[in-house]
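Protein chains: 2
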Amino acid sequence: MTAETAAPCLEQCPIRNVLDRIGGQWSLLIIEALAGGTLRFNELRREIDDISRQMLSRNLKLLEQDGFVARKLYPEVPPRVEYTLTPLGHSFLVPMGELIHWADEHHHVILASRLDYQQRSESNA
Amino acid sequence: MTAETAAPCLEQCPIRNVLDRIGGQWSLLIIEALAGGTLRFNELRREIDDISRQMLSRNLKLLEQDGFVARKLYPEVPPRVEYTLTPLGHSFLVPMGELIHWADEHHHVILASRLDYQQRSESNA
DNA sequence: GTCAAAAGTCTATTTTTTAGACCACAAGAG
DNA sequence: CTCTTGTGGTCTAAAAAATAGACTTTTGAC
Numbered sequence: 001m002t003a004e005t006a007a008p009c010l011e012q013c014p015i016r017n018v019l020d021r022i023g024g025q026w027s028l029l030i031i032e033a034l035a036g037g038t039l040r041f042n043e044l045r046r047e048i049d050d051i052s053r054q055m056l057s058r059n060l061k062l063l064e065q066d067g068f069v070a071r072k073l074y075p076e077v078p079p080r081v082e083y084t085l086t087p088l089g090h091s092f093l094v095p096m097g098e099l100i101h102w103a104d105e106h107h108h109v110i111l112a113s114r115l116d117y118q119q120r121s122e123s124n125a
Numbered sequence: 001m002t003a004e005t006a007a008p009c010l011e012q013c014p015i016r017n018v019l020d021r022i023g024g025q026w027s028l029l030i031i032e033a034l035a036g037g038t039l040r041f042n043e044l045r046r047e048i049d050d051i052s053r054q055m056l057s058r059n060l061k062l063l064e065q066d067g068f069v070a071r072k073l074y075p076e077v078p079p080r081v082e083y084t085l086t087p088l089g090h091s092f093l094v095p096m097g098e099l100i101h102w103a104d105e106h107h108h109v110i111l112a113s114r115l116d117y118q119q120r121s122e123s124n125a
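Chains as they are written, first to last, in full-length UniProt numbering: chain P, 1 to 125; chain V, 1 to 125.
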């Protein structure tokens with residue numbers, strides 16, 4: 001129980017640095033949508049459906065910065081922009097898949113826990 | 001390419017429902033901190049160090065609701081509260097571990113990508 | 001007597017997100 | 001010709017969320 005104990009995540013730790021980007025509501029959803037293949041901006045928007053243009057735009061930019069997705073602009077009129085997962089993005093699908101699998105497997109437990117908690121707090125009220 | 005294609009995550013889909021909770025900046029950090037064993041409120045705060053009391057409190061409450069952590073209040077004065085991972089919380093450590101491992105393995109690529117992007121946008125400016 | 005610590009809560013300020021208008025241009029309908 | 005739709009966004013104003021910091025209550029140390 002000396003200084004060695006835990007504290008693995010100070011501010012500029014790599015894990016935190018990476019996961020903070022992934023952590024938003026939208027990033028995982030976008031990556032998942034692109035897992036099926038290249039999509040254009042508005043295709044993504046329809047796919048995710050309740051994301052605002054601005055958030056989609058911002059998150060795509062972040063994902064592009066971090067090298068998860070590649071953005072290809074076709075200089076046509078009207079403009080066409082295609083977003084595709086990079087190899088890095090694809091490699092991320094593996095741990096993300098496990099996370100989703102876990103969520104899928106356990107969501108009933110979680111839902112039950114939520115209900116339980118709700119009922120307990122009601123009976124205390 | 002019919003309706004079957006993708007759209008796996010509408011609003012009330014379980015994955016989304018679960019991951020939205022996990023998705024915050026703090027949840028993963030809290031779970032990671034508790035992976036080492038039971039901690040009290042202020043111990044957690046020192047562990048994570050740049051989390052506000054309010055966010056820690058709120059996130060712990062959410063994690064408790066969802067059944068990831070158990071909260072044990074000792075009715076002493078001053079009050080003592082201990083937070084511990086439940087079995088569900090522990091089982092989550094597995095996919096989370098893979099995610100962290102991936103982040104650890106790839107953060108250099110991501111950092112490089114960020115720098116690259118930055119330089120490209122500077123040369124375009 | 002004074003100060004710190006416990007585990008939070010409350011409020012005010014700041015940041016982030018959302019909703020929605022707006023842009024230039026072109027193709028298709030009528 | 002005009003009207004509407006679709007393209008990939010950006011901009012602004014309003015709503016929601018996060019942060020910082022004071023406050024609470026009781027005990028033990030000094």
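Derived by calculation from the structure, the hints in this document are not laboratory data.
Be careful, since some hints might not be right.
[Stated by the list, open to error] If you want a taste of the chain V side facing chain P, the calculated C-beta under 7 Å gives, among others:
hint : residue
1    : 20
2    : 25
3    : 72
4    : 74
5    : 76
6    : 87
7    : 88
8    : 93
9    : 110
Ideal Cβ positions, reconstructed from N, Cα and C, are used throughout, including at glycine.
Here is what the structure says about each hint:
With its C-beta approaching chain P no nearer than about 6 Å, residue 20 of chain V sits inside the 7 Å limit, and its interface hint holds. At its closest, the beta carbon of residue 25 of chain V sits 6 Å from a beta carbon of chain P; the interface hint therefore holds under the 7 Å criterion. Interface hint status for residue 72 of chain V: violated, as the beta-carbon distance to the closest one in chain P is roughly 14 Å, over 7 Å. Interface restraint check: residue 74 of chain V against chain P, minimum CB-CB distance 18 Å, threshold 7 Å, status violated.
Residue-level restraint check for residue 76 of chain V is violated (minimum Cβ-Cβ distance to chain P is 20 Å; threshold 7 Å). With 7 Å as the threshold, the beta carbon of residue 87 of chain V stays out of range of chain P, its nearest partner Cβ sitting at about 9 Å, so the hint is violated. Proximity of residue 88 of chain V to chain P holds as hinted, the smallest CB-CB distance being about 6 Å (cut-off 7 Å). The closest approach between the C-beta of residue 93 of chain V and any C-beta of chain P is roughly 10 Å, which is over the 7 Å cut-off, so the hint fails.
The restraint placing residue 110 of chain V at the interface with chain P holds, with a minimum CB-CB distance near 5 Å, inside the 7 Å limit.
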